[in-house]
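Here the protein sequences line up with chains A and B, keeping their order. For the record, in the first sequence the residue sitting at position 4 is 4 according to the UniProt record's numbering, with numbers rising by one throughout. For the record, in the second sequence the residue sitting at position 221 is 221 according to the UniProt record's numbering, with numbers rising by one throughout.
A few of these clues could be false.
Said to hold, decoys possible - Listed next, the stretches of chain B that the computed footprint assigns to chain A, with coverage defined by at least 3 CB atoms under 8 Å from CB atoms of chain A:
#1 78-88
#2 291-298
Said to hold, decoys possible - Lysine-lysine pairs mimicking DSSO-like chemistry, simulated, CA-CA at most 30 Å apart:
#3 65/B to 99/A
#4 99/A to 298/B
#5 316/A to 297/A
#6 31/B to 333/A
#7 298/B to 316/A
#8 333/A to 298/A
#9 65/B to 316/A
#10 297/B to 316/B
#11 333/B to 31/A
#12 298/B to 65/A
#13 99/B to 99/A
#14 316/A to 235/A
#15 65/A to 333/B
#16 235/B to 333/A
#17 316/B to 298/B
Simulated from the structure, these hints should not be mistaken for lab results. Here the structure is a predicted model, which is why all the values come from computation and not from measurement. No residue lacks a Cβ here, since even glycine has one placed at the ideal position from N, Cα and C.
2 protein chains.
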Amino acid sequence: MSRYTLEVDLGDRSYPIHIGEGLLSQADLFKPHVAGKVAMICTNTTVGPLYADRLKTSLLDAGAKSVFTVSLPDGEEYKDWPNLQLVFDALLQNHCDRKTVLVALGGGVVGDMGGFAASAFMRGIPFIQVPTTLLSQVDSSVGGKTGINHPLGKNMIGAFYQPEMVVTDISTLNTLPDRELSCGLAEIIKHGAIADTAYLDLVEQNMPALLRRDPELLALVVKRSCEIKADVVSKDEREGGIRAILNFGHTFGHAIEAGMGYGQWYHGEAVGCGMVVAAELCRRMGRLSAEEAARLKKVVVDARLPVIPPVLGVDKYMALMAHDKKADSGSIKYVLLNGLGRASTSPADEALVRQTLLEMGAGD
Amino acid sequence: MSRYTLEVDLGDRSYPIHIGEGLLSQADLFKPHVAGKVAMICTNTTVGPLYADRLKTSLLDAGAKSVFTVSLPDGEEYKDWPNLQLVFDALLQNHCDRKTVLVALGGGVVGDMGGFAASAFMRGIPFIQVPTTLLSQVDSSVGGKTGINHPLGKNMIGAFYQPEMVVTDISTLNTLPDRELSCGLAEIIKHGAIADTAYLDLVEQNMPALLRRDPELLALVVKRSCEIKADVVSKDEREGGIRAILNFGHTFGHAIEAGMGYGQWYHGEAVGCGMVVAAELCRRMGRLSAEEAARLKKVVVDARLPVIPPVLGVDKYMALMAHDKKADSGSIKYVLLNGLGRASTSPADEALVRQTLLEMGAGD
């Protein structure tokens, strides 16, 4: 079985990502970070029962003084302040201090909330991420974005906060629902589409093996996706410029998520569909050929992701996108492809965006 | 009238503090930070009616595109999540984005909340501090500590986040209640006690002029206090070591504040009294002479601050101090003086601490 370690290069905030099967049980990995310290596992009610005991055993074997667990309800709709407060409550009730290590065990929501809690508790405590969904393994484990949603927008409140280490145990994907596996594939397809056509080829050709969860192949794509994301993030940690290309599909995707109500469409589904809408927009702008747009759409379909935007009405899409935090003083910035494998940000003609949405089925 | 500008030296997070009379009306100061941008004034219901219009005029004269205001209830007891949420609500309802500048106009609570809101909104927007109390002018305007309270502890949730600039208008002290003026003097006395006996002499000798709000003298002590604090903070931005000496009087002080219920004793009052308790402890440890301890106590009395700890019972003091976030894995670290003007952190014999508290009137 292959095992990979890659370093996210962010100066004095650099950290390693360990990728492989069975890593949850490898106490040695945790030892440098938890020996002699109190650890708080932050997980959810779905993942906790499956893996929290195993992780706790490893942390204790690694020399942790004591290990507590706080379990959040599972789902994007709980990524809010009242639930974040549960983490602070648990930390304070268990007399945790600045040396306590917070270990986030779960998907993107747990990682975002655990990371934000770690950034804010006593103005910052050490943080380890143990992502258990394909989406979080290829996406939120790189880049240090943490946060919660506000009733008026997704991820509106948060921090840039880097973990000390990420432990990606591919074995945890065995218990992942099919729908969530597809959500991870959306980001993987995105990494190929914006930065590496050879990688897009590999994903395209091996989609059946990925869908049947071949561990070697999953480890390989997790590694390659992390490399691509780490490469972008290390050039632009706080998203002043090039990092924005990672939001390919996300402008439309965030509008879908917000418009449908958080939790209805999963993030990866919204991004998958958002990429298809963005690709169609690029085709109409002459930036992608019809073949390239069709190819991207087919990969998204093969990953079992939706490609038709939900009927929210075009006005609502435009309003939600203008509200998105990527918007710059009201004007919407899109991530556009200039051929597959090359991305940049740009405004787009509003009439063309409206027409694209309308003709793709988003409703008038 | 004297005017000072000093630079807080924190590498790429360095920023200037401007100190003088009438600075609120000087649009030029704000121009580099707000021209062409949206500004959100975060203030409270006491300070807003006095100064928000003047600040708004300056921001518009400085070229701000538009200026919104959010007003919080006034008091430490409102430094919590529900009130912080009002800031996020205002930012989102007014379609603010990452380029919006948040301007905190008020005392320490407004600065802490405004700063934390700025650090967390869209993971960080620019932030200007306009402190209007003596305490915030000499204390929270240097160091980047922001945050809110949790029911189980003060300032438990927050961030280190530096402003782009601090504008300290000494004229705003004319409307400050006497009780709050004294609170600022507590921190000023602290700066002398931990780092500069000549400064302590100056404050001691000029206490009557400070109490009658002589503007030249106030500007001078604000400047010197900021220098002392900036010097400490620039050596230790994230409080790993020497920065802890700024907490002289705060271990006992936080226990008083929490034990009495936030808002009963003001922070400066609790710190004033906490310094007297700490000095008495130092005397019993042989670190301060009886004369030095008596002198410090007299300066605190002259500043019209309390010197007898409230009757909470010694057990409660010890429990609250063990809970304080400065505590390190359960053992309480005290800031102790080794003679006036020299401070260091150290544990202390619990029995001696208990005896000191008991004999000073803290209750059994």
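* **Straight-line alpha-carbon gap residue 316/A to residue 235/A, limit 30 Å** => Violated - the C-alpha atoms of residue 235/A and residue 316/A are around 34 Å apart, more than 30 Å.
* Asked: Taking only the CA atoms, is the gap from residue 99/B to residue 99/A under or equal to 30 Å?
  -> violated, 34 Å
* Asked: Under the criterion that the straight-line Cα-Cα distance not exceed 30 Å, is the pair residue 333/A, residue 298/A satisfied?
  -> With a Cα-Cα distance of about 26 Å, the restraint between residue 333/A and residue 298/A holds, given a limit of 30 Å.
* To do: Quickly compare the C-alpha distance for residue 297/B and residue 316/B to 30 Å and report which way the hint goes.
  => holds, 24 Å
* Between residue 65/A and residue 333/B, is the straight-line Cα distance small enough, at 30 Å or below? -> holds, 20 Å
* Straight-line Cα separation of residue 65/B and residue 99/A no greater than 30 Å? -> Roughly 44 Å between the alpha carbons, so the hint for residue 65/B and residue 99/A is violated.
* For the pair we were handed, residue 99/A and residue 298/B, check the Cα-Cα distance against 30 Å. => Since the Cα atoms of residue 99/A and residue 298/B sit roughly 38 Å apart, the hinted pair is violated (cutoff 30 Å).
* Asked: Holds or violated: are the alpha carbons of residue 298/B and residue 316/A at most 30 Å from each other?
  -> Outside the cut-off at roughly 66 Å; violated.
* Whether chain A covers the stretch 291-298 of chain B (at least 3 residues having a Cβ closer than 8 Å to its Cβ atoms) -> violated (count 0)
* **Restraint check for residue 316/B with residue 298/B, where alpha carbons must lie at most 30 Å apart** => holds, 27 Å
* Asked: For the pair supplied as a hint, residue 316/A and residue 297/A, is the alpha-carbon distance within the 30 Å limit?
  -> Between residue 316/A and residue 297/A the Cα gap is close to 24 Å, so the pair holds against 30 Å.
* Asked: For the stretch 78-88 of chain B, do at least 3 residues have a Cβ located nearer than 8 Å to some Cβ of chain A?
  -> holds (count 3)
Comparing the model with each earlier hint shows violations of hints 2, 3, 4, 7, 12, 13, 14, 16; every other hint is respected.
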